[in-house]
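Asks: Single-letter residue listing:
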Amino acid sequence: MRSLVLFIFILVLSGCQKTEITFSGHASETFYVENAGASMRVLVEGNTASKTLIIFVHGGPGAGSFIYNTDYIRENLEDKYAIAYWDQRNAGASQGNCNGDELNLDQMVEDLKKVIQVLKYRYGQDISLFLLGHSFGGLLMTAFATKADYQTLINGLINVNGSHNYPLNETLTRNMLLTVGQQQLALNQNSEEWTDIINYCNSHSGNFTFNESVQLEKYAIDAEGFIPGVKQINIPAQILKYAIKNKYPLTSMLFNYIFSSNADLNKKLAKKEFSSFLYKVTVPVLVLWGKYDFVCPQELGDDFFMKVSSSEKSKIVSPVSGHNIMFQDEKLFCDAIAAFVQKFRH
Amino acid sequence: MLKLLIISVSAWFSFICVGQTDSSRMVNNALLGLKLSYNSSLIYPGLSAGIEFPVKIVSVAKTNKALVEKAITRSRFISGNMNWYHHPGFHDNVYLTTEWVMRRTKPGGFFSEFSSGLGFSRTFVGGTTYRVAADGIVSIEKLRGYNYAMITAGGGIGYDLQQKNQLPLSLFGKMNLFSMFPYNSTIYLRPAFELGLRFNTGCFIFNRFKKISVTKTKSK
Numbered sequence: 000m001r002s003l004v005l006f007i008f009i010l011v012l013s014g015c016q017k018t019e020i021t022f023s024g025h026a027s028e029t030f031y032v033e034n035a036g037a038s039m040r041v042l043v044e045g046n047t048a049s050k051t052l053i054i055f056v057h058g059g060p061g062a063g064s065f066i067y068n069t070d071y072i073r074e075n076l077e078d079k080y081a082i083a084y085w086d087q088r089n090a091g092a093s094q095g096n097c098n099g100d101e102l103n104l105d106q107m108v109e110d111l112k113k114v115i116q117v118l119k120y121r122y123g124q125d126i127s128l129f130l131l132g133h134s135f136g137g138l139l140m141t142a143f144a145t146k147a148d149y150q151t152l153i154n155g156l157i158n159v160n161g162s163h164n165y166p167l168n169e170t171l172t173r174n175m176l177l178t179v180g181q182q183q184l185a186l187n188q189n190s191e192e193w194t195d196i197i198n199y200c201n202s203h204s205g206n207f208t209f210n211e212s213v214q215l216e217k218y219a220i221d222a223e224g225f226i227p228g229v230k231q232i233n234i235p236a237q238i239l240k241y242a243i244k245n246k247y248p249l250t251s252m253l254f255n256y257i258f259s260s261n262a263d264l265n266k267k268l269a270k271k272e273f274s275s276f277l278y279k280v281t282v283p284v285l286v287l288w289g290k291y292d293f294v295c296p297q298e299l300g301d302d303f304f305m306k307v308s309s310s311e312k313s314k315i316v317s318p319v320s321g322h323n324i325m326f327q328d329e330k331l332f333c334d335a336i337a338a339f340v341q342k343f344r345h
Numbered sequence: 000m001l002k003l004l005i006i007s008v009s010a011w012f013s014f015i016c017v018g019q020t021d022s023s024r025m026v027n028n029a030l031l032g033l034k035l036s037y038n039s040s041l042i043y044p045g046l047s048a049g050i051e052f053p054v055k056i057v058s059v060a061k062t063n064k065a066l067v068e069k070a071i072t073r074s075r076f077i078s079g080n081m082n083w084y085h086h087p088g089f090h091d092n093v094y095l096t097t098e099w100v101m102r103r104t105k106p107g108g109f110f111s112e113f114s115s116g117l118g119f120s121r122t123f124v125g126g127t128t129y130r131v132a133a134d135g136i137v138s139i140e141k142l143r144g145y146n147y148a149m150i151t152a153g154g155g156i157g158y159d160l161q162q163k164n165q166l167p168l169s170l171f172g173k174m175n176l177f178s179m180f181p182y183n184s185t186i187y188l189r190p191a192f193e194l195g196l197r198f199n200t201g202c203f204i205f206n207r208f209k210k211i212s213v214t215k216t217k218s219k
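Residue numbers (numbering that gives the first Met the number 0), protein chains in the order written: chain G, 0 to 345; chain P, 0 to 219.
Hint data in this document are derived by calculation from the structure and do not stem from the laboratory. C-beta: ideal position from N, C-alpha, C; glycine also. Worth double-checking, as some hints may not be accurate.
[As the list claims (entries may be wrong)] Each pair of labels, with its calculated beta carbon distance range:
no.: 1; chain 1: P; residue 1: Glu-140; chain 2: G; residue 2: Gln-237; range: 31 to 41 Å
no.: 2; chain 1: G; residue 1: Gly-24; chain 2: P; residue 2: Gly-108; range: 37 to 47 Å
no.: 3; chain 1: P; residue 1: Lys-105; chain 2: G; residue 2: Gln-214; range: 38 to 48 Å
no.: 4; chain 1: G; residue 1: Ser-310; chain 2: P; residue 2: Ala-133; range: 46 to 56 Å
no.: 5; chain 1: P; residue 1: Gly-108; chain 2: G; residue 2: Cys-97; range: 39 to 49 Å
Turn these sequences into a full structure, and let the hints guide you.
Replies: This is the structure in structure tokens:
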């Protein structure tokens with residue numbers, strides 16, 4: 000029995016926590032950043048020899064970054080630059096004990112700063128770093144970039160269907176549901192579903208409660224599926240496709256997501272806006288949006304684009320995408336990011 | 000008074016019907032058991048080693064209409080297990096469990112079992128862990144991981160080679176589900192499949208277990 004215990008202990012020691020830093024065209028290394036009761040997973044994949052990293056700041060809160068790690072991105076973006084898939088606290092493969100009280104925006108901004116510091120420690124202080132924020136990640140990325148001098152740590156921001164202003168977001172979602180809904184009704188498309196949505200929007204015109212915001216978001220997700228020409232994505236099928244290949248910790252992802260999406264954080268986020276702080280942003284900015292994004296409508300991207308002080312900024316809209324342009328218009332997504340990063344990296 | 004009489008008669012009748020004992024069957028199942036198994040979660044490898052202490056063995060001999068006797072053994076054990084699995088990039092988990100095991104063995108040697116228990120888990124996160132101090136100094140935390148409490152439940156089937164072949168071995172497959180908490184202020188659930196061998200050591204280091212034998216005859 001003693002030998003068995005020793006054997007297991009040696010296996011544990013040798014099997015995990017190896018410090019591995021690779022500069023190559025096809026790196027793949029996982030490490031963790033510990034902060035305030037959370038060990039947050041960071042998977043760095045791709046061309047680390049380029050000395051250029053793009054940090055994916057995922058949505059949710061709690062959605063995790065595993066889902067973004069697709070074959071297409073691996074073949075068309077990771078071949079040029081490295082991508083750091085960061086699982087925020089209480090998301091994906093991130094681990095801890097009783098750390099729910101630390102799940103707040105300020106803490107997550109500090110977490111992101113520490114992830115950047117660790118990336119620079121591992122891959123060199125001279126690396127180029129870009130933040131890519133999707134959905135809620137757009138808010139977190141904006142909170143980071145508008146805090147103190149934090150944006151000096153990065154070379155650029157890529158806002159992908161991100162929400163930097165939740166109250167404005169809700170109003171725009173309602174307006175878009177009403178406008179597009181009426182157009183679709185006139186075309187006799189999904190009349191029953193659109194009627195329900197329009198009736199709800201007409202009876203809730205503003206000053207939304209938290210529950211109304213949640214309902215609007217549900218309708219926004221449904222609405223994307225009613226638009227012909229928008230590439231539909233099947234998230235469960237995607238999870239099944241990559242679960243074994245990318246070694247998903249499925250139950251960790253699920254329970255973290257359930258916890259985070261029901262946490263008090265969401266009620267606080269409902270009042271958060273960064274439109275009035277965007278003037279502080281001076282780094283280069285790329286705004287990537289889906290034309291049929293009801294969850295974070297295109298005008299939200301316009302607001303972000305107009306209010307940043309960056310002299311170098313561009314905006315690209317995909318005509319076949321909704322809220323998830325990285326899956327719905329993969330080529331445009333990878334090409335636009337590659338061109339932007341190429342232009343502004345060291 | 001009538002109620003008391005009926006209860007007394009029933010009790011006496013029950014008593015005289017369970018009077019016979021088959022000690023040889025008991026002894027076979029009363030040995031200290033050692034277990035070694037492959038402990039897998041989906042594709043992720045692991046090992047489990049354990050020890051079983053018999054607590055109660057009930058041997059029930061049933062005689063059917065054709066007067067053929069069939070003996071079923073219902074055993075209860077307390078087991079202690081040391082387990083480990085490796086999920087690359089996520090964590091390694093070393094966990095100790097103690098379980099209450101209920102096993103039912105048929106005359107041919109096939110058995111089914113259910114277990115539930117409590118445990119303690121220590122994880123080691125699946126990669127180098129960095130900490131950044133307030134002044135920006137980055138350091139590596141060795142063997143970073145977390146302690147969790149555990150609840151386990153499982154069920155499985157197997158074959159006891161001792162019943163027919165006199166080999167002190169059992170083969171078994173078992174599906175376990177365990178929960179670790181507090182995991183990020185919530186719980187973590189994980190299924191694990193065990194495939195292994197159980198070895199009856201032949202020593203009676205713990206023989207204070209209850210031995211009961213019951214004979215039931217089916218009458219017309």
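Asks: Now tell me, hint by hint, if it's right for this structure.
Replies: Evaluated hints:
Distance hint check for Glu-140(P) and Gln-237(G): the Cβ-Cβ separation is about 33 Å, which falls inside the suggested range of 31 to 41 Å. Here the CB-CB span from Gly-24(G) to Gly-108(P) is close to 57 Å, at odds with the stated 37 to 47 Å. A C-beta distance of roughly 56 Å is found between Lys-105(P) and Gln-214(G), which places it outside the suggested range of 38 to 48 Å. Judged by the Cβ atoms, the range 46 to 56 Å given for Ser-310(G) and Ala-133(P) is violated: they are separated by roughly 33 Å.
Checking the proposed 39 to 49 Å range against Gly-108(P) and Cys-97(G) shows it holds: the Cβ atoms sit about 47 Å from each other.
Of the numbered hints stated above, those contradicted by the structure are hints 2, 3, 4, listed in ascending order.
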